[in-house]
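S.K.: Line order of the protein sequences matches chains A and B. Each residue of the first sequence is one higher than the one before, counting from 1454 in our numbering. Each residue of the second sequence is one higher than the one before, counting from 222 in our numbering.
Each hint can be trusted.
Beyond 10 Å from chain B on every Cβ pair, some chain A residues (computed):
(1) Asp1457
(2) Asp1501
(3) Gly1530
(4) Phe1644
(5) Ser1763
Pulled from the structure, derived: some chain B residues nowhere near chain A, Cβ distances all over 12 Å:
(6) Thr237
(7) Asp253
(8) Arg255
If we take Cβ atoms under 8 Å as the criterion, some of the chain A residues that face chain B in the derived model are:
(9) Ala1570
(10) Pro1573
(11) Leu1574
Don't read these hints as lab results, they were simulated from the structure. Glycine included, C-beta positions come from ideal geometry on N, C-alpha and C.
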Amino acid sequence: MTRDVVITGLGAVTPLGVGAPTLIERWTAGESGIEDGLGRCRDFEPTDHISRREARRADRFTQLALVAAQEAIDDAGWDADPPYEDTDIGCVIGTGIGGIATIEDQHIVLRERGEAAMSPLCVPQMMPNAAAGAVAMRHGLRGECYGTVSACAAGAQAVGAGLRMVERGDVSACVVGGAEAGVTPLAIAAFGKMGATSKSGVSRPFDRRRDGFVIAEGAGILVLENAEAAAERGATVLGRITGYGATADAHHVTAPDPDGDGAARAIEAALRDADVEPGAVEYVNAHGTSTPLNDRSETEAIKRVFGERSRSIPVSSLKSSIGHLLGAAGAVEAVATVLALRDGVAPPTLNYEEPDDGLDLDYVPGESRPIERNGRAPVAISNSFGFGGHNVVLSMEAPE
Amino acid sequence: MAQATQNKQQIEQRVTDALVEFGEERENIKRDARFEDLEVDSLDLVELAQIVEDEYGVELADSDLDKLETVGDAIDLIAARAS
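Please take these sequences and the hints and turn them into a complete structure.
M.R.: Following this line, the structure appears as structure tokens:
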């Protein structure tokens, strides 16, 4: 038997500011956090939120995770003491790269000043599981804890991994999400060299003029709880997470399968897992990177799954507002999707003006729009795809 | 002797500043404060040893660091080696 899982806490640090409410309010209003072609968390000052000691020991991606996690845990009303035994709470946080700023800085130290001058904090800061470990340590979460590593699907995969952990009954709750701080010289140059990032510096998913993604940083965290246990403690339910589907393209290291087969299978798997018909889906939170290849194959996948109905479902991309948060993207987008369902509003795809041949879905251009409520709690899916051919889809529902 | 005292005061100041930089509150840093109680761990002590080597030319081996229990232990060892 599997247990129902609810979402009781949300936290986010993004280029739109610190806090999940800021994220959804500003995105819904059509505002952008991108400046000079990059999505930096400019308002984020780590020591405003965590101790100097914690900040000093953590790479920026872990700092972002710690602050988003504190918000999510406060939002869940856990206060100082979580409502479950500490061994009954898990923690899974994904990242695409891990502590890349630390690696870059320490490599310079090694080359210029030698091994003796390197920081003893290099390893604990750079390791991709550092965020998961730091969040578990700060809050005393002693159940299963690890990081997922599947490029830009990592954040969504962490949510899925936590969902499974709670469904199976391994733990009563799991703190899940993703974190990334890859707005660094090496990452910017490396993504640029492979032609993935936008030369124009504009994120315009699905638009004919799209020319790559805008690299960005941030973190998104969700608190997942066993529905029965959450009800017993009188928790406020923000949404329900009902399905997880994950597949691989096995096609090409960076290019998605042009037919969107892997993505379509992941959407189908998530809906099967949630036990809902495609007809119940009232909003699609797209991966929508603004790269020529992704947006076309994602559109193909949506058409394959939803058939004739695909043109009447609002499909929008948060990346149009904040850029691509890589391994944090799927988690931040899950946070935004929960809040979009709660508010009953599909936020817009910014900068979408010129349709492209064959990309003919309803991308919610410019302005947000109500999500239909056809006599039941609306269902949304959130898509995340990563280099390496990873496809992850989460299915969520508004609280009843 | 006056020179040695002055050096020791300087070292005490530098060690205190380093521990503050590591995240400790200045008011908690006293000669008899134990590193364990200050939550100063082996990673912090490696950084302290780097600072000491850079600034005073004193090399502290891992085996030296293992023996340090209090702030005063560190100051005394560094001062003795520096003189």
